[in-house]
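Protein sequence lines correspond, in order, to chains A and B.
1 is the number of the first residue of the first sequence in our numbering; add one for each residue after it.
137 is the number of the first residue of the second sequence in our numbering; add one for each residue after it.
Please keep in mind that the hints were generated in silico from the structure rather than gathered at the bench.
Yeah, the Cβ is synthetic: ideal placement off N, Cα and C, and Gly gets one too.
Hints should not be assumed to be uniformly reliable.
What the hints assert, rightly or not - Result set (DSSO-like, lysine-lysine): computed pairs, CA atoms no more than 30 Å apart in a straight line:
1) K46/A <-> K83/A
2) K102/A <-> K71/A
3) K10/A <-> K142/B
4) K83/A <-> K182/B
5) K160/B <-> K71/A
6) K71/A <-> K158/B
7) K158/B <-> K83/A
8) K10/A <-> K102/A
9) K89/A <-> K42/A
10) K134/A <-> K182/B
11) K132/A <-> K102/A
12) K195/B <-> K89/A
To be verified - Pair ranges (Cβ atoms, derived):
13) T11/A <-> K142/B: 31 to 37 Å
14) H168/B <-> S48/A: 38 to 44 Å
15) E52/A <-> P139/B: 53 to 59 Å
16) L148/B <-> S48/A: 22 to 28 Å
17) S48/A <-> T181/B: 50 to 56 Å
18) D95/A <-> P139/B: 34 to 40 Å
19) R208/B <-> E68/A: 18 to 24 Å
20) K132/A <-> R209/B: 40 to 46 Å
21) I217/B <-> D121/A: 38 to 44 Å
22) S48/A <-> S210/B: 40 to 46 Å
23) T6/A <-> H168/B: 23 to 29 Å
24) V140/B <-> L4/A: 48 to 54 Å
Stated by the list, open to error - Taking beta-carbon pairs under 8 Å as the criterion, some of the chain B residues facing chain A (in silico):
25) K174
26) V175
27) L176
28) I177
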Amino acid sequence: MKSLLTSLAKTLPVQTAYAHCDLPCGVYDPAQARIEAESIMKIMEKYSGFHEDEQKWRAVFIKEQRAELVKHHLWVLWTDYFKPEHVEKFPELHDLFWRATKAAGDTKKSVDPAVGQKLLDLIAEITEIFNKTKAK
Amino acid sequence: MLPVLKNGQTVLVNRLSYLLSKPKINDIVAMHDPRDDKVLIKRITKIEDKSYFVQGDNKNASTDSRVFGMIRRSAIIGKVISAFT
């Protein structure tokens with residue numbers, strides 16, 4: 001019976017279930033959030049040079065996607081990487097993640113590079129703390 | 137869901153399990169992550185009113201109701217009834 005099911009599983013289309021970090025893989029890097037935030041920044045800088053509606057529409061749509069990815073990467077770091085002992089040592093951690101996630105949301109609502117820079121600055125603060133937790 | 141389920145295993149989910157009965161504590165279910173709709177496999181550990189608290193068996197590495205809160209019945213796809221490679 002099991003070999004029949006195995007054969008069926010190999011031939012029929014099966015859906016993937018995700019076990020995020022259930023390995024656990026131990027691979028965390030604020031660079032993921034930073035790279036998406038840099039992309040947002042570039043989109044904001046280029047936006048003022050766009051004249052076609054199609055270009056503007058695509059820029060806003062892609063910026064929206066990147067901002068959502070920033071939020072995801074921040075959540076992963078916050079919920080899966082950082083531990084209670086990190087919060088004890090860096091009590092500003094929860095507030096920092098709250099503000100950074102809000103800043104990611106703000107980049108959806110604006111094409112002002114200053115808003116994009118604010119997000120990058122907050123991610124840089126998180127990166128600094130992350131690096132300190134990795135230092136031996 | 138280690139050690140019960142391993143990365144790469146295939147599981148059989150019965151979508152009709154909860155047609156005539158309700159999900160129970162300790163049931164392993166396939167469900168939609170309320171944040172991004174991805175399919176996850178978790179165990180029901182608490183039931184309150186019509187909401188379900190789900191957790192991965194590998195508690196130290198699981199992203200579950202401790203992160204995304206309790207889930208509704210509508211997020212549950214079905215019961216995991218078998219696992220094979």
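Right, here's what the structure says about each hint:
Using a Cα cut-off of 30 Å, the hinted pair K46/A and K83/A is violated, with the two alpha carbons roughly 39 Å apart. Restraint check for K102/A and K71/A: satisfied, since their Cα atoms lie roughly 9 Å apart, inside the 30 Å limit. Among the hinted pairs, K10/A with K142/B is consistent with the structure: their alpha-carbon atoms are about 17 Å apart, no more than 30 Å. Restraint check: the Cα-Cα separation between K83/A and K182/B comes to about 24 Å, which is no more than 30 Å; the hinted pair holds.
For the given pair, K160/B sits about 33 Å from K71/A by alpha-carbon distance, which is inconsistent with the 30 Å threshold. Taking the CA atoms of K71/A and K158/B, the gap is near 34 Å; set against the 30 Å cutoff, the hint is violated. Under the criterion of a C-alpha separation no larger than 30 Å, the hint pairing K158/B with K83/A is inconsistent with the structure, at around 36 Å. For the given pair, K10/A sits about 43 Å from K102/A by alpha-carbon distance, which is inconsistent with the 30 Å threshold.
Distance restraint check for K89/A and K42/A: the Cα-Cα separation of roughly 34 Å exceeds the 30 Å cut-off, and the hinted pair is therefore not satisfied. With a CA separation close to 36 Å, the supplied pair K134/A and K182/B exceeds the 30 Å bound. A C-alpha spacing of about 24 Å is found between K132/A and K102/A, which places the hinted pair at or below 30 Å, so the restraint holds. Of the supplied pair hints, the one linking K195/B and K89/A holds, its CA atoms being roughly 24 Å apart against a limit of 30 Å.
T11/A and K142/B have their C-beta atoms about 22 Å apart, which leaves the hinted 31 to 37 Å range violated. Range check, H168/B to S48/A: about 40 Å between beta-carbon atoms, so the 38 to 44 Å window is met. Remark: the range hint 53 to 59 Å for E52/A to P139/B is upheld by a beta-carbon distance near 56 Å. Between L148/B and S48/A the beta carbon distance is about 54 Å. The supplied range of 22 to 28 Å is therefore violated.
For the hinted restraint 50 to 56 Å between S48/A and T181/B, the CB-CB distance of approximately 52 Å keeps it satisfied. Checking the proposed 34 to 40 Å range against D95/A and P139/B shows it holds: the Cβ atoms sit about 37 Å from each other. The hinted window of 18 to 24 Å between R208/B and E68/A holds, with their beta carbons roughly 23 Å apart. Restraint check, K132/A to R209/B: a C-beta distance of roughly 44 Å satisfies the suggested window 40 to 46 Å.
In this structure the hint that I217/B and D121/A lie 38 to 44 Å apart at CB is violated, the actual value being about 50 Å. About 44 Å separates the C-beta atoms of S48/A and S210/B, a value consistent with the hinted range of 40 to 46 Å. The given range of 23 to 29 Å is respected by T6/A and H168/B, whose C-beta atoms sit roughly 26 Å from each other. Range check, V140/B to L4/A: about 22 Å between beta-carbon atoms, so the 48 to 54 Å window is missed.
Taking 8 Å as the C-beta contact cut-off toward chain A, the hint placing K174/B at the interface holds, the least distance being around 5 Å. Checking V175/B against chain A: minimum C-beta separation of about 4 Å stays under 8 Å; hint holds. Proximity of L176/B to chain A holds as hinted, the smallest CB-CB distance being about 6 Å (cut-off 8 Å). The beta carbon of I177/B is positioned within 8 Å of a beta carbon in chain A (closest approach about 5 Å), and the interface hint is therefore held.
In terms of the numbered hints stated before, the structure departs from hints 1, 5, 6, 7, 8, 9, 10, 13, 16, 21 and 24, listed from lowest to highest.
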